[in-house]
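Visitor: Make the full structure from the sequences, and use the hints.
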Amino acid sequence: MDEKKVSILVVDDEESVRDSLYNWFIDDGYAVDCAENAKEALLKLEARDFDIILADIKMPGMDGMEMHRRIKALNKEPIFIIMTAFASVDTAVQALKDGAYDYVTKPFDPDDLSHLIRNAASHVTLRAENKSLKDKITTLEDVDDLIGESEGMKKVLSEVESVAQSSSSVIITGESGTGKELIARAIHANSPRKYFPLISVHCGALTESLLESELFGHEKGAFTGATFNRKGRFEMADGGTIFLDEIGTISPKMQIELLRVLETRTFVRVGGNKEITSDFRVICATNRDLKGMVEKGTFREDLYYRLNVVNINIPPLRERVEDIPLLVNHFIRKYCKSMSRDLISVEPAALKHLQEFEFPGNVRELENMIERAIVIGNGKEIRLKDLPMGREVMSSSVESLDELEKKHIISMLDKYKWNISRAAKALDVDRATLYNKIKKYDLKKIN
Amino acid sequence: MISCGHFDNSLMDKIATDLRLFFGFPLDIRECSLDISSFYDPGRRQYDANHILKKVAEVSDPLALKTMGLLRVDLYIPILTYIFGQSELNGKTSIASIHRLRNELYGLDPDNRLLEERFRKVIVHEMGHAFGLIHCLNPTCIMRSSTYVEDLDQKELRFCNKCRSELDKSLENY
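Line by line, the protein sequences are chains G and E.
So in the numbering used here, spot 411 of the first sequence is number 411, and the numbers just go up one at a time.
When you read off a place in the second sequence, starting at 1, and then add 1000, the result is the number in the numbering used here.
Hints were generated in silico from the structure; no laboratory data involved.
Here a beta-carbon is modelled for each residue, glycine too, at the ideal position from N, C-alpha and C.
Each hint should be verified, as a subset may be incorrect.
Stated by the list, open to error - Covered stretches of chain E, going by a simulated chain G footprint (3 or more residues, C-beta under 8 Å):
#, segment
1, 1008–1017
2, 1074–1080
3, 1125–1139
Guide: Right, dumping it as structure tokens:
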């Protein structure tokens, strides 16, 4: 891919100077334009941006210094180089004080001009790279899905803020879909460790042996398939944060190993014998009652206390209904932007139903609903019929499994005109089971 | 090629060979005495290259694809203290001067071989511009920008692969 050419605007009332510099810079591969006075230069700057401006200090009408001030007022930040035929310390100092990049006396030594422009061009490139890196960092810090004005969320956000600066272990609790991982990201992104990685491990998704290899890494040949040495997540999180999701699911053996690592910050790769030290912060999350598990003896008490230095509990969405309109608007903005669509509104009836809904799946469920409604909707507003509850005649109660089973059995029996054998076959159960269910739900054929 | 400085035949032959070899066009050499006295700036004790370039263009053969003027005087353009040569990108006329390439100017012993080599490099470089080539970052490429004679000595009398390929593309248009 071709790199964008650095652009230069030469401003000088002498045609020979403009032409000389134009030819010199064109030969060097820069994109060059010229203006014979400050007024023309400002018009050109309104139309497009230039990376570098090389301007004579003495020009009829507006001088180079005044032009520089006007450019700054336009909120443009080109590299500004002042040229003059009459060197004077006062003007040089003033130009530099006003933010000029450099000050040169005509005529230049060709080598000085080459160096000056090469340095300015490097400065342009570095500035662009710096901006791009800063944008990336801001994106990481901007955990903008954390939306909430409710007291519950304000408390959570204030806890995040206060805990972020320390290196203490944190346990984040909350129902599924409340945004535990987002909170972990927010803590990391606002901590001094933010320039190091945040490594997430979903403990519940891995078997004991896989989790061990995932966390500690393994040496080549440690087990079948281990054809290369592999760094573990603790090692990868060196300097940063490790987020252990679903910590309540780990086995007693892993609990012991984890406790040891947390105490010493050292570990050995699976199949290895070299001790590895890593400096990481631990953030855990669970939707289980860890304290209850400790009381029942299924979770080690010592590990619990080591992890539970700070506990952040995220309230379920039903306990912060006032956040729903904010979240809805946030998700509309997020998905309309990602789908390159115009922003849409929400029908008042739809919003009312959203606020009355229980949301067992919490914010995640609301987000999925909004995304789906934008995809299937009319592109202008989210209507009640675009929401699942709108189609199912909006019920705020959640049906139990038994109720669903009963309804399904009745529909199958009706479909096969109460022929037990055919209905049982369709339901993939034996006749006896179906008879037991009919008896359990006290179902009767209606003639 | 217009010679305005009574250069040795052997040097002219070498230059002609270079230009034929690199650019592949038939070459005509003319000796010419240009009156450039009016382009002399007594304050700078140098000659204005922009005006000389125009003058060379005026006396060049209208049928010539490109014209190269060879000089012995110290050249400047208003914004720079000196130049070795001057050419317009994709333009018809170029000039090059041997004046600043002499070792004696830098307190060193004369070296005719080195002087000729430097001059040939400046000429091929300027002609490269005339065929649309811009400066190259490759330290050994002839299209590398040279502001000191030492820079000229560092580069070779050849185009790098990238510039050669750009030049070939440009030559297809003629």
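Visitor: So, for every hint listed, does it hold in this structure?
Guide: Hints and how they fare:
1. 1008–1017: violated (count 0)
2. 1074–1080: holds (count 5)
3. 1125–1139: holds (count 3)
Hint compliance for this structure: hint 1 is the single one not met.
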